[in-house]
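Student: Residue numbers (the working numbering), protein chains in the order written: chain Y, 1 to 818; chain C, 1 to 218.
Derived from the structure by calculation, the hints contain no laboratory data. Remember, predicted model here, so these are calculated numbers, not experimental data. One thing to keep in mind: the hints can contain errors.
Quick look at which bits of chain C chain Y covers, simulated, 3 or more residues with Cβ under 8 Å [what the hints assert, rightly or not]:
hint	stretch
1	87-93
2	98-111
3	154-166
4	206-212
Estimated spans, in silico, between C-beta atoms of each pair [unchecked claim]:
hint	chain 1	residue 1	chain 2	residue 2	range
5	C	E218	Y	I586	38 to 44 Å
6	C	T200	Y	G593	41 to 47 Å
7	C	A149	Y	G415	37 to 43 Å
8	C	P108	Y	G415	56 to 62 Å
9	Y	G632	C	D147	55 to 61 Å
10	C	D147	Y	P624	50 to 56 Å
11	Y	G539	C	E218	24 to 30 Å
12	C	R213	Y	A329	36 to 42 Å
13	Y	I592	C	E97	41 to 47 Å
14	C	R213	Y	N651	53 to 59 Å
15	C	P108	Y	E354	23 to 29 Å
16	Y	S659	C	A149	35 to 41 Å
17	Y	S238	C	D147	55 to 61 Å
Quick reminder that beta carbons are idealized off the backbone N, C-alpha and C, glycines included.
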Amino acid sequence: MRNRLVRLVALLFLTASIARIGAAQVGEPFCMGDSCPCGNDDPTAGCGNDGLDGDPLTGARLSRSAGTTNIFADDLVLTLEGATPNRFGMILIGAQAVQNPLGDGWLCIALGSAGIQRSAPQQTGESGSFSQTRFVAYAEGLATVPIGTGTQLLFQGYYRDGGGPCGSGFNLSNALPVTFTAGPVETELAGRALGLYPYFDFVDVFNQMAPIEATIDPTLFPGIQSLSGQAFVVESRSRIEWDNDSSLIDARGASTPVTFSGGDVSGNVFELDAGTLATPTDSRVSAGYDVVIDFDGDGLLSDGDFIDGRGDEDGLTVFRDPTAPGPYATVEATHDHGGNFERQRIYYPANIAELGELPLIVVSHGNGHNFTWYDHIGEHMASWGYIVMSHQNNTGPGPNAASNTTLKNTDLFLGGLDEIEGGALFGHVDGHRIVLMGHSRGGEGAAIAYHKLFVGTYVGENYGHEDIRLVSSIAPTVFTFFVNPHEVPFQLWTGSADGDVTGAPGDTGAQTYHLLTRAEGQRHSVTYHGVGHGAFHNGNGGLVAAGPCQVARNGTHALMRGLMLPTVRHIVDGEEAAEEFLWRPIQSLKTIGWPASECVDVSYEYWNAPSADAFVIDDFQANPELRLSSSGGQVTIEVDALVEGILQDSNGQLQHDPSDGMNGMTRCSSIDDARGIAFEFSGPASLEFEVVPEARNLTQYTYLSFRACQGTRHPLTTAELADLTFLVTLRDGHGRSSKIRIESTGSGIIEPYQRGTLGAGLGWANEFETTRLRLTDFVSGLPGLDLTDVVAISFDFGRPGQSQVGRLGMDDIELIQK
Amino acid sequence: MRRSIIFSIGALALTVAAVTAHQQRSQGGGLGDAEGQPASAVVTLLHAQPYVMEESYTGWWRAEQPQVDAGWLLVLRVPPGLAELRQSLTRVLYVGEETAERWNSGQPTGNIVVTVPWERGADGLPAPISSGECIWFGTPELPERVDAARIASERQLAASAQLPVLTAEDLQDAQQVGGGLLEVRDSHELGYAIADLIETYSPEETVTIETLRITPTE
């Protein structure tokens, strides 16, 4: 009686479920493990099995792990998990719901009008799971189950279970209803060709007048093989705009015919544009476009077409030269509020009366510097539509005093707009979008100022901490223990040749990265080789630099302009694409106007704001055991001399010292606790991190991100003084793996700046840089790797074609979304 | 005749050590062995003038952050390398029991203009600087972190090093140059007098002079 009642309820539920899947495409799972044949109930999955855990009350679950129901994309991935390891299984496909006992569970689908079919058998592997995709292509070979628009099918997992609780030797999962749909296929198309695997770099940002390429990977979308179409570049539309207007109007004047062959990406790259795409002439620094491959030739975005940028984001963004002046003539004026350290230089667009409210950038100078020494920031940013106020700064006593000057001057400025410049700025300053930017002691002062606003020791009359959108510290001192940017986006600028804020370990107050360590929000750090302290301003005196290949002021200012504008555009103005300037290596994205000197080298570090959408594999902050990651996974160490601990040099000297495993690290003062690892290799070696079960479906992330640096002056660093390269390998639960060279999309890990003193040898403080590898690149051309079940991430060193020896530091291995 | 304060050979050695350490630091090293020792680098007290103000200002140059409405305006000649204003830790300049407030870099002349907050005497004027007081560069620190205890400790170090002290003649000569009491409304107005002194003693520092001469915007 109970069985019949349960089945009735289940079928009623199924009816409702199928009714809903028209909207949801993948409906609610049904036919769960209730009233199972031998009491092996699991109401959250199929009936209980011997399974991975040996618990007869836990069964196998079938669910959508990735992809869409779009028949043209044919990328739906269904995953069976919780089955018995190392057994055969398959996916049953049918069109009619039933519920009949079978094996140790329920058979939930029947032949129906379309018939019942099964996928090819698969091994469940060590993880007791497998995934299946390409259902549309599979069905093409079957006469009874054609999949088209609106086709409703039911899926259920079947697997061998020799030790199962009811003794039948096999079992089934829950079932899952799917309605297949049509529509355009949304995917990345634009990018740039690479000489190495994965052969194509799907990126969004391109420089004006630079060529743009595009591709569709036939291994990811087999259905495009042998298809021809027209490639369109259309002025960017939002999703709603596309819904309302599907016409394809090419911004280049005409579309481009394309044909896709078989093989891999490398044989299917075509030039989308030779650099002709227009950019704005107003205060916008970029233009957005969407890319469409029109396969049916109807001149509309329609079923089966491929689009990059179907949502609100641009498919690609073309940037103007961010180092060049913007469209506005600027006014420069001096205002003295009459008190101590209250003189200000103000920069604003000459046509400000025609403009709305503009963000405010406050500039705080360093000790011995002057508030008139930042024209290169003030004039530049004002020409692009910002108001800049550089103020006299009381830096002599120290950065704490400077912070008070920053706070007071900001208040005076915001409160005095009706008088400053005869009231010309009144109503045109957005007091809720403020950047605090400072140099040297003023750079630390800017961060202290934010801290004081944050904790309430300074209460602004005209603004609060929530109005500060970015703190940007240029070669800052870090004297104070309490300075902390907290959760506000923070940017750090460091010159490796700095002769004042030297960055040297042991140089009290002069290790810029300490401030970066304390920031808790979105963080960006740039380190320029050859840039001295004095090069960051445009005032008197020399470069205050030491070391080779020094970059002059003009070059340094070009670098600053080229990064500052995209940074503010992204963080303050919310321009998403500009983010790529913060992390793509210069070999991948170098701003127009980059100094011509070959000496200029740079490393970027970048962290997204902390998010529940990211997963940290290992940041070394927890589980100090060497062989256990912070996420709880096993770490397999096949490198030499690995140490894990605080990222700080222990003796203040830079010469190689085997007893100082963190030689050259400058990340922590005595109160900071940023931890990481350092190790070396002198031949084939590897470091493997287990991916814990809850994170193994990598399709929910965009990039694998990690930070690494070379160990300064280490004999294994100096033995091959160049960018250090290695492989990153993903391995799935079935033992299949895929490798990418880290230099494929940009560069290896930069060599230390060759500056002397502090002991024998050359090489300055260790420079971390962020590397991001797109996860789908690991399956480009290699469809065998199951991205829904990646069990390990490995860093492989000393392989052929890679650096043969080296000393590395590493930190923050994580999976992140775009 | 204005008389220079002549150092002992020992004090000069300390000065050289301090300058050398400073040069090392600019190359990226930490301070040398002289870091823990005071360096008396004042060669000459050139100018001394008392000042009073109608409106006080906060004295950020020491940890107690006193309200300041009187003090001494001094011009000192020091080795330019030691006078240079930097971001990293540099030697704090002390005058007796006070920290001096720096207003210019002293480049390239080595002449620096400082204000020194000073107690008022019974007559309401800044008390005299006593002969026997010392003007010296102490150990590296941020002035804003220097409190009375630190000053006492620094004074002991200076005494132990037998640094030279001001004589009555030094003070008399400097005050003759400095002239009588300077009465100003506030620190902003004090800045005009400081600008004049910088123009006189370190005229290459035009940006600093121009900055201090900017008047409040009407």
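Student: Now, for every hint given, state plainly whether the structure supports it.
Tutor: Now for the hints, and whether the structure bears them out:
Under the rule that three or more residues need a Cβ within less than 8 Å of chain Y, the assignment of the stretch 87-93 of chain C holds, with 3 such residues. A count of 4 residues in the stretch 98-111 of chain C with a Cβ less than 8 Å from any Cβ of chain Y is obtained; the coverage claim is therefore met, three being the minimum. Counting residues of the stretch 154-166 of chain C whose beta carbon lies closer than 8 Å to any beta carbon of chain Y gives 0, which falls below the threshold of three, so the coverage claim is violated. Under a criterion of three residues with beta carbons nearer than 8 Å to beta carbons of chain Y, the stated coverage of the stretch 206-212 of chain C is upheld, 3 such residues being counted.
For the pair C:E218 and Y:I586, the beta carbons lie near 49 Å from each other, so the given range of 38 to 44 Å is not met. For the pair C:T200 and Y:G593, the beta carbons lie near 44 Å from each other, so the given range of 41 to 47 Å is met. Range check, C:A149 to Y:G415: Cβ separation about 38 Å, and the 37 to 43 Å hint holds. The supplied range of 56 to 62 Å is broken by C:P108 and Y:G415, whose beta-carbon atoms lie about 40 Å from each other.
The hint said 55 to 61 Å for the Cβ distance between Y:G632 and C:D147, and at roughly 48 Å that hint is violated. One distance hint, 50 to 56 Å for the beta-carbon pair C:D147 and Y:P624, is violated here, with the actual separation near 39 Å. Separation of Y:G539 from C:E218 is about 27 Å and conforms to the stated range, judged on CB atoms against 24 to 30 Å. Separated by about 28 Å at the C-beta atoms, C:R213 and Y:A329 break the suggested range of 36 to 42 Å.
Hint check: Y:I592 to C:E97, Cβ distance near 58 Å, so the stated range 41 to 47 Å is violated. Under the hint 53 to 59 Å, the C-beta atoms of C:R213 and Y:N651, about 49 Å apart, miss the expected range. Hint check: C:P108 to Y:E354, Cβ distance near 47 Å, so the stated range 23 to 29 Å is violated. For Y:S659 and C:A149, the hinted distance range of 35 to 41 Å is satisfied, since their beta carbons lie about 37 Å from each other.
A hinted range of 55 to 61 Å for the beta carbons of Y:S238 and C:D147 is consistent with their spacing of about 60 Å.
In summary, the numbered hints that this structure violates are 3, 5, 8, 9, 10, 12, 13, 14, 15.
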